[in-house]
Amino acid sequence: MFPRAIYSKVRNREEFNQTGVYILLGPQTDGDGEMLYIGEGDPVRPRLESHFAKKDFWTKAVFFVAGPGQLNKAHVQYLESQLVSLALSAKRVPLENGNQPSAPTLSEADRADMDVFLQNVLGILPILGVFAFDTSPSISQVAASTPLFCKSKRANAQGFDTPQGFVVTKNSYAAVESAPSLADHFPNIIKQRDDLVQKGVLVVDGDKYRFTQDYTFSSPSLAAAIVLARPSNGRTAWEDKNGTSLKQLQEQQAKAED
Numbered sequence: 018m019f020p021r022a023i024y025s026k027v028r029n030r031e032e033f034n035q036t037g038v039y040i041l042l043g044p045q046t047d048g049d050g051e052m053l054y055i056g057e058g059d060p061v062r063p064r065l066e067s068h069f070a071k072k073d074f075w076t077k078a079v080f081f082v083a084g085p086g087q088l089n090k091a092h093v094q095y096l097e098s099q100l101v102s103l104a105l106s107a108k109r110v111p112l113e114n115g116n117q118p119s120a121p122t123l124s125e126a127d128r129a130d131m132d133v134f135l136q137n138v139l140g141i142l143p144i145l146g147v148f149a150f151d152t153s154p155s156i157s158q159v160a161a162s163t164p165l166f167c168k169s170k171r172a173n174a175q176g177f178d179t180p181q182g183f184v185v186t187k188n189s190y191a192a193v194e195s196a197p198s199l200a201d202h203f204p205n206i207i208k209q210r211d212d213l214v215q216k217g218v219l220v221v222d223g224d225k226y227r228f229t230q231d232y233t234f235s236s237p238s239l240a241a242a243i244v245l246a247r248p249s250n251g252r253t254a255w256e257d258k259n260g261t262s263l264k265q266l267q268e269q270q271a272k273a274e275d
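For the sequence shown, the residue numbers in the working numbering are 18 to 275.
Simulated from the structure, these hints should not be mistaken for laboratory data.
Among these hints, one or two may not hold up.
Each computed DSSO-like pair below joins lysine-lysine, with the alpha-carbon atoms no more than 30 Å apart [stated by the list, open to error]:
1) K264 / K72
2) K170 / K187
3) K225 / K264
4) K72 / K90
5) K216 / K187
6) K272 / K208
7) K208 / K168
8) K26 / K108
9) K90 / K168
10) K272 / K216
11) K77 / K272
12) K71 / K26
13) K264 / K108
14) K170 / K72
15) K187 / K258
16) K225 / K170
17) K168 / K77
18) K170 / K272
19) K208 / K71
20) K258 / K225
21) K26 / K72
22) K108 / K90
23) K170 / K216
24) K264 / K170
25) K108 / K187
26) K168 / K258
27) K225 / K187
28) K108 / K272
29) K272 / K72
30) K71 / K216
31) K187 / K168
32) K208 / K187
33) K108 / K77
34) K258 / K170
35) K187 / K71
36) K168 / K272
37) K225 / K272
38) K26 / K90
Build out the structure end to end from the sequences listed, making use of the hints.
As structure tokens, this is what we get:
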């Protein structure tokens, strides 16, 4: 992984002459949040040279290679296709890619090897601060968590506080009309709600928005603000079925562990 500013100093490293898959990251055009581009190269250096000259948005890059001769063109085309598909499915970060590449035909053994390689990539990326491919934890992963609820006259949502973030579950409902204070003081949340609508995570269902999938937010407060369409303290807005807030549950847990 390297920042664009030092590309000229690192591009002669041997790894750049190997076949691999790469990700370019940089700010969105309005400066609010990241966007990314996913590609492959055989080897990666000519592709990165081209992007260094012609793509303006990116500020850092990460690429993955294996030992010499272990990856070929079809392998990295498969990895590129899978990463693009995962990023589109997660709907966390917009892609700069113009289209979704199709996966090449691989033998069963090669595909199994590349799926292992892909899982290694996905395990490393969050350590590097890249969360674009993170999907919400499965129901089995959150089964041990306490279901939490966030309600108002215009919203009715269920969620779970997990190590990966706060998950709002599919078929939860969010308010459509946002409070003036949200636009006045938290325009970034307005933008995130608009992005979720554009991505199809939120769809109009009667007089509310409905979540079409489980979706992970970075904090309970962000999740509550998206659901209620107003500034919210997520630790008090989310409550269990008995009306005990997330804050109270966490305080009880902390006392029990003392």
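Each hint, compared with the structure:
1. For the proposed pair K264 and K72, the alpha carbon gap of about 45 Å is over 30 Å, so the pair is violated.
2. Between K170 and K187 the CA atoms are separated by roughly 19 Å; this keeps the pair inside 30 Å, and the hint holds.
3. Among the hinted pairs, K225 with K264 is consistent with the structure: their alpha-carbon atoms are about 27 Å apart, no more than 30 Å.
4. Simply put, K72 and K90 have alpha-carbon atoms about 23 Å apart, close enough for the 30 Å limit, and the pair holds.
5. For the proposed pair K216 and K187, the alpha carbon gap of about 15 Å is at most 30 Å, so the pair holds.
6. Between K272 and K208 the alpha-carbon distance is near 38 Å, which puts this suggested pair outside the 30 Å criterion.
7. With a CA separation close to 22 Å, the supplied pair K208 and K168 stays within the 30 Å bound.
8. Simply put, K26 and K108 have alpha-carbon atoms about 34 Å apart, too far for the 30 Å limit, and the pair is violated.
9. Proposed proximity of K90 and K168 is contradicted: the alpha carbons are some 51 Å apart, above 30 Å.
10. Restraint check: the Cα-Cα separation between K272 and K216 comes to about 41 Å, which exceeds 30 Å; the hinted pair is violated.
11. Taken as a hint, the K77 and K272 pair is broken in the structure, with Cα atoms around 43 Å apart against an allowance of 30 Å.
12. Straight-line distance between C-alpha atoms of K71 and K26 comes to about 19 Å, which keeps the hinted pair within the 30 Å bound.
13. Distance check on the hinted pair: K264 and K108 sit about 29 Å apart at the alpha-carbon level, within 30 Å; holds.
14. For the given pair, K170 sits about 47 Å from K72 by alpha-carbon distance, which is inconsistent with the 30 Å threshold.
15. For the hint linking K187 to K258, the alpha-carbon distance of about 18 Å falls within 30 Å, and the restraint holds.
16. With a C-alpha separation of about 10 Å, the suggested pair K225 and K170 falls inside the 30 Å cut-off, and the hint holds.
17. Of the pairs offered as hints, the one joining K168 and K77 is violated, with about 41 Å between alpha carbons and a cut-off of 30 Å exceeded.
18. Proximity of K170 to K272 is assessed by CA-CA distance (about 34 Å); at most 30 Å being required, the pair is judged violated.
19. About 28 Å separates the Cα atoms of K208 and K71, which keeps this hinted pair within 30 Å; it holds.
20. Using a Cα cut-off of 30 Å, the hinted pair K258 and K225 holds, with the two alpha carbons roughly 22 Å apart.
21. A C-alpha spacing of about 19 Å is found between K26 and K72, which places the hinted pair at or below 30 Å, so the restraint holds.
22. Distance check on the hinted pair: K108 and K90 sit about 27 Å apart at the alpha-carbon level, within 30 Å; holds.
23. The suggested pairing of K170 with K216 holds, with an alpha-carbon distance near 25 Å, which does not exceed 30 Å.
24. Taking the CA atoms of K264 and K170, the gap is about 22 Å. The hint holds against a cut of 30 Å.
25. Under the criterion of a C-alpha separation no larger than 30 Å, the hint pairing K108 with K187 is consistent with the structure, at around 14 Å.
26. Straight-line distance between C-alpha atoms of K168 and K258 comes to about 11 Å, which keeps the hinted pair within the 30 Å bound.
27. Proposed proximity of K225 and K187 is supported: the alpha carbons are some 14 Å apart, at most 30 Å.
28. The hinted pair formed by K108 and K272 fails the criterion: a straight-line CA distance of about 37 Å is larger than 30 Å.
29. With a CA separation close to 53 Å, the supplied pair K272 and K72 exceeds the 30 Å bound.
30. As the CA atoms of K71 and K216 are separated by approximately 27 Å, the hinted pair is consistent with the 30 Å bound.
31. For a cut-off of 30 Å, the pair hint linking K187 to K168 stands: about 15 Å separates their Cα positions.
32. Between K208 and K187, the direct Cα distance comes to roughly 21 Å. Compliance with the 30 Å bound is thereby established for this hinted pair.
33. With a C-alpha separation of about 21 Å, the suggested pairing of K108 with K77 holds against the 30 Å cut-off.
34. Annotation: proposed proximity of K258 to K170 holds, straight-line Cα distance about 17 Å (limit 30 Å).
35. As the CA atoms of K187 and K71 are separated by approximately 40 Å, the hinted pair breaks the 30 Å bound.
36. Under the criterion of a C-alpha separation no larger than 30 Å, the hint pairing K168 with K272 is consistent with the structure, at around 28 Å.
37. Distance check on the hinted pair: K225 and K272 sit about 39 Å apart at the alpha-carbon level, beyond 30 Å; violated.
38. Using a Cα cut-off of 30 Å, the hinted pair K26 and K90 holds, with the two alpha carbons roughly 26 Å apart.
Checked against the numbered hints above, the structure breaks hints 1, 6, 8, 9, 10, 11, 14, 17, 18, 28, 29, 35, 37 and satisfies the rest.
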